[in-house]
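Visitor: Since the structure of chain A is already known, use the hints to place chain B on it.
Protein chains: 2
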Amino acid sequence: MSAPLPQQAESLKASLEEQANKVRQLKSSKAESGLIQAEVKILNSIKDQMAALGLGPPAKTSGSSPSASSSAPIKYTLKTPKGTRDWEPLAMSLRKKIFSTIEQVFTSHGAVTIDTPVFEMKEILAGKYGEDSKLIYDLQDQGGELCSLRYDLTVPFARFVAMNPSEYGSIKRYHIAKVYRRDQPAMSKGRFREFYQCDFDIAGSYDPMIPDAEILCILVEALDALGMEGFTIKLNHRKILDGIFDVCGVPTEKVRTISSAVDKLDKSPWSEVRREMTVEKGLEEEVADRIGEYVKNKGGRELLEKLLADPLLSNHKSATEGLKDMGLLFDYLEVYGISDRMSFDLSLARGLDYYTGIIYEAVTAASAPPGFNKAAAATTDPSASSSSSSEPSSKKKTNKKKGPDGEDEVDESTVGVGSIAAGGRYDNLVGMFSNSKKPDAVPCVGVSIGVERVFAIKMQQLREAEARGERTGVRSKEVEVFVMSVGDGLLKERMGVAKKLWDNGIKAEFLYKNKPKPAAQFNAIEKDGVPLAVMLAPEEWKSGCVRVKEQKGKDTDEGQGKGEEVKLDQLVEYLRSKGAGSRD
Amino acid sequence: MSAPLPQQAESLKASLEEQANKVRQLKSSKAESGLIQAEVKILNSIKDQMAALGLGPPAKTSGSSPSASSSAPIKYTLKTPKGTRDWEPLAMSLRKKIFSTIEQVFTSHGAVTIDTPVFEMKEILAGKYGEDSKLIYDLQDQGGELCSLRYDLTVPFARFVAMNPSEYGSIKRYHIAKVYRRDQPAMSKGRFREFYQCDFDIAGSYDPMIPDAEILCILVEALDALGMEGFTIKLNHRKILDGIFDVCGVPTEKVRTISSAVDKLDKSPWSEVRREMTVEKGLEEEVADRIGEYVKNKGGRELLEKLLADPLLSNHKSATEGLKDMGLLFDYLEVYGISDRMSFDLSLARGLDYYTGIIYEAVTAASAPPGFNKAAAATTDPSASSSSSSEPSSKKKTNKKKGPDGEDEVDESTVGVGSIAAGGRYDNLVGMFSNSKKPDAVPCVGVSIGVERVFAIKMQQLREAEARGERTGVRSKEVEVFVMSVGDGLLKERMGVAKKLWDNGIKAEFLYKNKPKPAAQFNAIEKDGVPLAVMLAPEEWKSGCVRVKEQKGKDTDEGQGKGEEVKLDQLVEYLRSKGAGSRD
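These protein sequences, in sequence, are chains A and B.
Quick note on this note's numbering: the first sequence kicks off at 2 and runs consecutively.
Quick note on this note's numbering: the second sequence kicks off at 2 and runs consecutively.
With the rest of the complex left out, here is chain A (with noise of 0.2 Å):
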């Protein structure tokens, strides 16, 4: 490393002092001692890179950190965040794909996307999540206001719409954003901290069932152009759920803990749900096996017309609403020519709060949990960064332990992977902002694609078919074509062609060397898969032309071998004759 520039000391020195500062108050308002240490350990940071430049001795740093030296340089912990990670270019390419697939069947029912800040004022997200709120990051009081981090997208929606209720109180938005949960991340199943979702939501009042049926739509047409095979929609109602319990027996102030155990019923067989209910939650038993012989059921048109037979539901206010609605959604589903990818399913319970009418969630073959008694042969590996992926962890954890750092683990080979998407109506939740009394409630349905989970799918078959040696057509880089000299450096003629090609919304570069070998160019020119190469030779040059090979060309090696000459006032030309510059 070279000298340091004087502004780097100065730029040191005041971040030492302030931070010196920092710890003398924290020491004196008599703070937390892990707080207090986590402080000292940047400000011994700070001395170490300043003492790696020169600028003063090294922190001295106490026995906790047996391998550090007083000559060594500062010892940086080199991560993300736990629960974070980063995402390198051919991840990126293929996120990119997913989400615009998904943005282009989002935007094709009429969608607008709007945009709101990763914070929220704290107290915009209080009391939404119940049990969940524990899992929100605050932002640090630095004197203001108090913030958090946004935990899903709904929320801000149902704010922004409450904001602006006379232009917005009628909208189809999409929004695909990174939300945060400090839940505990179990990276290589699909569960992150900071995790994308992508959601559409339909608020207005409307005649009933209407867009509830197109949210469906939406979904599969999405699930289908991301080519997610063989999933299924669960479907069920709130209301049918709630006249269920009531109807069953269970005593107001349980309908919610007995709400979660039902929706266990997806990765625990039902006596193990039943034990929860009544050893755990202190339910009758009786109650509970008439919650079973409702639950247990999943079908399709068939399952309401059973169910509106009931006598006991068919008397119900709450449980006639929603079998009212799902004939209505029956209905509209086969007009979709949609409603064989649905299972009407009883045991659908959902983990969010504000829902008020149909809940779903789509779940595939590829997201099935394992069998409940595969124990831990699974492996997870908790560090493998090339195939994680995360979703709407709204399900509760189970069979927690502490683990060796005092933190709880989970033990995964219970834990499912969850829904690749989920959803369902909430039409109370903007009313829930609002400061008036009067009844402008505005009624919302949305549904929120756990595009992680779909990444992690999307990337293991992509692995598997490059494996394969098969051309997958997602490459990191977009390059067409790579501009290359031979027999001599000809910098600033590759730089003029290169010009020449961007000028004309080609994709181009070159080896950023005076005298480029051409072994190093060719490398260049496979690493990445670059399908053109435009070659510079002196003699050639002089008298205005080039040649041009086809890297993967379909007749390789046929009349390819030193590639095509051409008079470089029609380089640009014949490029495009070869598919280059396609999308400008």
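None of these hints come from the bench; they were simulated from the model.
If you're wondering where the values come from, they're calculated on a predicted model, not measured in any experiment.
Some hints here could point you the wrong way.
To give an idea of the chain A side of the interface with chain B (calculated C-beta under 10 Å), a few residues [unchecked claim]:
1) Ser12
2) Trp88
3) Lys123
4) Pro157
5) Phe161
6) Phe434
7) Asp489
8) Lys493
Backbone N, C-alpha and C define an ideal beta-carbon position, used for all residues, glycine too.
Guide: Only chain B this time, still in chain A's reference frame:
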């Protein structure tokens, strides 16, 4: 609002309990009263939510909120956090267009993209921004690691390269993402706390100035593609600047502060900067005057020749290194045909500390600061939400005064809106993260486009064009076809037609009503500027036909009154012939 669902009540109760515990804990640990008050406010908001649903008495509010009445529903502060804002659909369309324009240029030059988390380990950012470190947002310590929101995209990029030196020690990457600064916001003027940056960086060891010249080429191409008119790129070199300060006699410990004074010459006259150097910062008058002789210079290659002829500089090690770089750079800029877009400006110093070589800043006429003596006549309404932007605000603010709320207010009449892009070479930043003593520093050069400022300028132009009645090509909604009914509701028929269009990649919507009025449907078409209407009427439908009407065709009202009759099985083909579904 309908009656609360049991789950909602349970959820609120759980939130209430958690929040009450938090307040108790804060009180018992004698936390700061401001912090306790803020948490109590959240507690009260949960109580009020419950009261609004009839689940208990409202919070007893203190006298500080005079408008609070015990029977009123909860009063949310419906806003985004200070310095942040929502982006409505039209703005988003324009923003997406700007991003994709920039992305197109970046990928033309062979860049790949990566993504990094929004927050980093706090120590990664520590010591990188000098005095500006105080503007970093920290996450609250909720048990676990100390993290901060990223302040720019450069330091996370350097961290990424340092973590993957063998794979990404040589990379061209772009990154379009949000960064966070607890700066004093000036929303109408272009300073946000959450704002996008568009960065392009080249990491790796190459022959001198080749990547540097390409970065400037990319910047010119991007600003041209964005239609930014009359911009200039100011250019300087840190080593030349260091040489000047050295030969003029600036003591090492004053270099940074004097450099920051020089950097103000774009908005303050020399007399003022001189006063700051001498009176405020204690520099000898002769030293200041010597600096003045140098930094007033700007021009092109002829300035370089003049400096090379300067006996003091031409014998100064650092300065001659810088001058040699500049000579080579000018050669390459001439090959790229962009040297006339540059201004070699010795007063450019740039705020960030990590630069080690050339530095640059693009300024447009539109972003030039107001004249020095123009008082606060310019209207600057911080609440205006439609024409705001942001930029990498590395410049120090001046002329602060205490506002009525006790926070600093910026007297915007003296604050330039700053550059629209800036960057430079930073050869030591990746090395700072290196944990070994080997010289594995990765030299880097990059540029960051202050896209919020670009957006503000383009949005202003868009509004002006709309006011003149011109068609701007920017719509918030991309819908191509509106499916409507006349004479009867024909809901399922409209659904069926829309589904056919969606399945064929045509963007379509219809009104979510069983029996919509024609006027309501025409209003929707008009409002969103949908180009094509498909009309279903009972009689025509029976004979397998619909009518298609172009809404804003060239021959308005010329045989277009009733539209064209089209057979249903030829509808997709017909609509495609009218330009629909072209993105597919």
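Visitor: With a cut-off of 10 Å on the beta carbons, see whether lysine 123 of chain A makes it to chain B.
Guide: 6 Å, holds
Visitor: Quick one, is the phenylalanine 434 of chain A hint okay against chain B at 10 Å, beta carbons?
Guide: 5 Å, holds
Visitor: With chain B as the partner, please determine if serine 12 of chain A meets the hint condition of a C-beta pair closer than 10 Å.
Guide: 3 Å, holds
Visitor: Is the interface hint satisfied for proline 157 of chain A? The criterion is a beta-carbon contact with chain B at less than 10 Å.
Guide: This hint holds: proline 157 of chain A lies near chain B, its Cβ roughly 8 Å from the closest one there, short of 10 Å.
Visitor: Hint validation: lysine 493 of chain A versus chain B, beta carbon distance must be below 10 Å. Holds or violated?
Guide: 5 Å, holds
Visitor: Does the CB of aspartate 489 of chain A sit less than 10 Å away from some CB of chain B?
Guide: 15 Å, violated
Visitor: Let me know if the C-beta of phenylalanine 161 of chain A comes in closer than 10 Å to any C-beta of chain B, holds or violated.
Guide: Since chain B brings a Cβ to about 5 Å from phenylalanine 161 of chain A, closer than 10 Å, the hint holds.
Visitor: Verify the interface restraint on tryptophan 88 of chain A: the C-beta must sit less than 10 Å from at least one C-beta of chain B.
Guide: Given a least distance of 4 Å, the restraint on tryptophan 88 of chain A holds.
Hint compliance for this structure: hint 7 is the single one not met.
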